[in-house]
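Asks: Residue numbers (this note's numbering), protein chains in the order written: chain A, 354 to 835; chain B, 510 to 1039.
There may be inaccurate statements among the hints.
What the hints assert, rightly or not - Derived BS3-like pairs: lysine-lysine, alpha-carbon spacing no greater than 25 Å straight-line:
no.	chain 1	residue 1	chain 2	residue 2
1	A	Lys-435	B	Lys-899
2	A	Lys-569	A	Lys-486
3	A	Lys-812	A	Lys-798
4	A	Lys-477	B	Lys-915
5	A	Lys-642	A	Lys-721
6	B	Lys-1036	A	Lys-435
7	A	Lys-696	A	Lys-642
8	A	Lys-477	A	Lys-435
9	A	Lys-435	B	Lys-870
10	A	Lys-380	B	Lys-870
11	A	Lys-745	A	Lys-696
12	B	Lys-870	A	Lys-486
13	A	Lys-642	A	Lys-614
14	B	Lys-899	B	Lys-915
As the list claims (entries may be wrong) - To spell it out: a stretch of chain A is covered by chain B in this simulated footprint if at least three of its residues, at any positions, have a beta carbon under 8 Å from a beta carbon of chain B; those stretches are:
no.	stretch
15	432-439
16	621-629
Think of the hints as simulated: they come from the structure by calculation, not from any bench. Keep in mind the model is a prediction, meaning the values are calculated, not measured. For each residue, glycine too, the CB sits at the ideal point set by N, CA and C.
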Amino acid sequence: MPDYEAVIGLETHIQLNTQSKIFCACKADSWGAEPNTNICPVCTGLPGVLPTLNRQAVEKAILLASAMQAESIQPLSFFARKNYFYPDLPKGYQISQYDEPLARGGRFDLPLPSGECRRVTIHKLHLEEDAGKTVHAGGRRLIDFNRCGVPLVEMVTGPDLRSAEEAAFYLIRLRQLLRWLGISEADMERGHLRCDGNVSIRVPGETVLNPKTEIKNVNSIDALREAIAAEISRQIREVEAGRPIRPWTLEWDETTGTLRKMRSKETEADYRYFREPDLLPLRVDEAWKARVLAQLPELPLARRQRFVEQYGLPAYDAEILTEERSLSDYFESAVAAYGGEPKAVSNWMMNDVLRLLRERGLSAGDLKLRPADLAQIIQLVDKRQINAPTGKALLDMVEETGQRPADLVASEGLGQVADTGALRALAEAVLAESPDQVAAFRAGKATLIGWFVGQLMRKSGGKADPNLARQVLEALLHEPAG
Amino acid sequence: MNRGLCDLSAVEIAERVRQGDLRAVDVLDSALDRIRQVDGRPGTTTAGQALADDEITVHAFITLTPDRARQQAEAIDRQVAAGADPGPLAGVPLAVKDIFCVRGTRSTAGSRILEPFVSPYTATPVERLEAAGAVTVGKVNLDEFTFGSSNESTAFQPAPRNPWDPACVPGGSSGGSAAAVAAGEAVLSLGTDTAGSIRQPAAFCGVVGLKPTYGRVSRYGLIAFASSLDCPGPVARSVADAARMLQVCAGVDPRDATSARVPVPDYSQELARDVRGLRIGLSPDYFRLKYPDPASGVLAEQAIHPEVEAAVMRAAELLARQGAEIVEGVPMPNTHFGIPAYFVVSRVEAASNLHRYDGVKYGRRARGDLPDVQTLYRRTRGGAFGLQPKLRILMGMYVSAEQYEKDYYQRALQVRTMIRRDFEQVFDPAGDYRLNCLLTATTPTTAFEMNAVYGDSVLMQYADLLTVAADHAGIPGISVPAGLDARRRPIGIQLLGPDFSEGMVLRVAQAFEQATADDPWRLVRPKVLG
Chain A
354 MPDYEAVIGL ETHIQLNTQS KIFCACKADS WGAEPNTNIC PVCTGLPGVL PTLNRQAVEK
414 AILLASAMQA ESIQPLSFFA RKNYFYPDLP KGYQISQYDE PLARGGRFDL PLPSGECRRV
474 TIHKLHLEED AGKTVHAGGR RLIDFNRCGV PLVEMVTGPD LRSAEEAAFY LIRLRQLLRW
534 LGISEADMER GHLRCDGNVS IRVPGETVLN PKTEIKNVNS IDALREAIAA EISRQIREVE
594 AGRPIRPWTL EWDETTGTLR KMRSKETEAD YRYFREPDLL PLRVDEAWKA RVLAQLPELP
654 LARRQRFVEQ YGLPAYDAEI LTEERSLSDY FESAVAAYGG EPKAVSNWMM NDVLRLLRER
714 GLSAGDLKLR PADLAQIIQL VDKRQINAPT GKALLDMVEE TGQRPADLVA SEGLGQVADT
774 GALRALAEAV LAESPDQVAA FRAGKATLIG WFVGQLMRKS GGKADPNLAR QVLEALLHEP
834 AG
Chain B
510 MNRGLCDLSA VEIAERVRQG DLRAVDVLDS ALDRIRQVDG RPGTTTAGQA LADDEITVHA
570 FITLTPDRAR QQAEAIDRQV AAGADPGPLA GVPLAVKDIF CVRGTRSTAG SRILEPFVSP
630 YTATPVERLE AAGAVTVGKV NLDEFTFGSS NESTAFQPAP RNPWDPACVP GGSSGGSAAA
690 VAAGEAVLSL GTDTAGSIRQ PAAFCGVVGL KPTYGRVSRY GLIAFASSLD CPGPVARSVA
750 DAARMLQVCA GVDPRDATSA RVPVPDYSQE LARDVRGLRI GLSPDYFRLK YPDPASGVLA
810 EQAIHPEVEA AVMRAAELLA RQGAEIVEGV PMPNTHFGIP AYFVVSRVEA ASNLHRYDGV
870 KYGRRARGDL PDVQTLYRRT RGGAFGLQPK LRILMGMYVS AEQYEKDYYQ RALQVRTMIR
930 RDFEQVFDPA GDYRLNCLLT ATTPTTAFEM NAVYGDSVLM QYADLLTVAA DHAGIPGISV
990 PAGLDARRRP IGIQLLGPDF SEGMVLRVAQ AFEQATADDP WRLVRPKVLG
């Protein structure tokens, strides 16, 4: 049995997080809304209505095009009508860009775990409106028009991905980028990011493209990975059995983990595209483009690389800290405020700040614990004014109270007890209460020192400097009895 | 029939209502009385057999809105009493072509498929007219979805008739508009022009019809036929009334992306100027028409009717006498492509625009056993669209199909550009002709009899031969009454100008109107007014 390689392209639909829909003033996001409550004459296609283009949607698409290294963001692009009948398509046509899209010729260099990069090409990127939702319930077909007119960007990759894993990596990176740019919530479960996969196989070394199948209805990255893997296996089995691959459209059933044939795709539908006469050509002049691109941030992979080079972080740290833009901003601000070793800030963030975020379901930008507060806490620990456990507890206290760490240390009396006299008194009390353990220690059970330190820490309310406490305890225990 | 308040001009009514000299409710009553006297039974989809009376009445209206109108009129009278100004159209009775959505009223487009549709919103031009004090008396009939030039294709029968001669059609598709205004059932009407649908019925009914520049008046709320051509505009009995109505409707609308951001001039100031020094062109291509012989399909050349031609030549002479310069022999070589190109462009857009009438959301839905959604579509559309929409959908689908669209649709768009270039060249201030406007006939003939042309949709379309080029080019055009033919049917002449030259076109039209103010035909009234 020869080896096969998979040839995969992904068609993604990205819901832009604009305030209003693409062609009317309804709210773009209807999550949680009752069916047909977020609609108006325009998005439900009443007789006589006209679309007006939401410029915010264009701006978000421009940011994405630029982040995908588009060769050209077209100064002039057009909307077209894609005509077809479907009950949840209220006008009987979808307004979409077609032959003259907003941007062409993008690429994304996808880092693979092997350290290599896979160049994923993007043929074109265009804007379009979403259709409504059809729900089949008890033999009836119910239609919710809330989603009609939600702005989407359609972006189709070339047949550049070579495994189900790579396809999943691409989606993970795309989701990261969309959130980073602030243009989409990119939540697959909520349909903000939708993906169809085109899959074919061939013998490695071949350059032909064999007939492909299209996989629809994958609602998570895991589902995409599993569905593509299943389809690759199926195609290999078919070819091995001497059967041809037919250009089917397949549907992924998440509950059973199987692919189902939706339809044969032997003949292409004719959508009778023509230019949308109700909208003017979309002109993106240099001034507008420059204004939009002034908001384009450093991109995640570039920042990850810089974190390694500039701050000397391990690749692992850099990856985690650049998973999300506000987290990476937070890190840089904390490093600047701290002034010391960036790796120390990274450690605190990777261990403790991320825990805090997870527990509280926040993102770094939402924290009351400011980067300067984190820097101050690390400094207090460095200067031994507080011990490390107190430092960690302080993170939560600052987050809850919004007060500055140094103020809390003062007002709550959290300062580390580093006064030998005070520690000696505490140590003497511990020894006096534990004659059996003292005897055992002195009889040679040296490991009990840890137990004594623990007792002292408890007595100090956790504020004792543990190293100093150990020294004082050892000194007392080694004093001759009497 | 006695003259009434409804026979006054819009300008006079508005000024007198504003001054408190006339009550809006009295003007309204006058219009409603006139409707009772001349309109006969309103159009319905269940008209049954034609009655003898049907042949002598106008049938302009599908829906009357007397209660809504009375509330508007009373509000205007209260405003005047309180010392407020209700606006430049205070108390003027308005008939709205039933292709515009008006909140709370049926908006049918003359089609069974929209018969039950009550709009939840109001079209921008209607909103502006009502805000200026116009009183909407009702919705007037039209060809189904505006697809026609005679009004005979409406699903709401009896179809409108020509007030000058009820044996004749009023023209179309704004036939209800032109007939209502001609018969004094309304003083103004809001129509639409896609190939000549304002100007042709205006000519047939002896009233003024203005198709503005594309984008001058918002299309929001106009039930679309061919979106790149559709143009709302005034139907009135005088040029000054049309100018005042345009003044109110015109201007950019944030709800219509294709509405123009060009400032709206004060048309009354334009009307105060004379025509001295204006260069007005006559084109042989508007006198001798190429058109297919209905039997053989062979393209034949045919002159416009001699009485119509004579009216145009007389207008040229009268304008020359007032100081305009007449330029003859202006070539408009692509004029005769206007109809074929229109056939293709308008049907592609129409087929797409009609997709939404699927029985799912509003309007009529087929009843009975509907096993699947395809059956719902087929039965709804098959049963509720009339012949014209069906023909246009079929042709539109054909010429936009992937394998044909290059040969038909793309080609038609190129032809459209050539037609526009004809106008650009003759209006070019640095060109050979430097015209301010073109003077032509509005229609090759006067109104034809009912059933004379209906059924031949190719020949029917040639009624728009002289008007459609302006729609392709997007330029403004006006039709003004220029006399009566030997059978006492009105003749219309047309003036066409460059983009946004409505003011100048109105000015020339008014100069002609004033020059013929004492013509004997001005005293003749439409037959239905006895």
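Asks: Look at each hint and say if it fits the structure.
Replies: Against the structure, the hints:
no. : hint                    : in the structure
1   : Lys-435/A to Lys-899/B  : holds (20 Å)
2   : Lys-569/A to Lys-486/A  : holds (16 Å)
3   : Lys-812/A to Lys-798/A  : holds (23 Å)
4   : Lys-477/A to Lys-915/B  : holds (23 Å)
5   : Lys-642/A to Lys-721/A  : violated (35 Å)
6   : Lys-1036/B to Lys-435/A : violated (50 Å)
7   : Lys-696/A to Lys-642/A  : violated (38 Å)
8   : Lys-477/A to Lys-435/A  : holds (17 Å)
9   : Lys-435/A to Lys-870/B  : holds (20 Å)
10  : Lys-380/A to Lys-870/B  : holds (21 Å)
11  : Lys-745/A to Lys-696/A  : holds (17 Å)
12  : Lys-870/B to Lys-486/A  : holds (14 Å)
13  : Lys-642/A to Lys-614/A  : violated (44 Å)
14  : Lys-899/B to Lys-915/B  : holds (23 Å)
15  : 432-439                 : holds (count 3)
16  : 621-629                 : holds (count 3)
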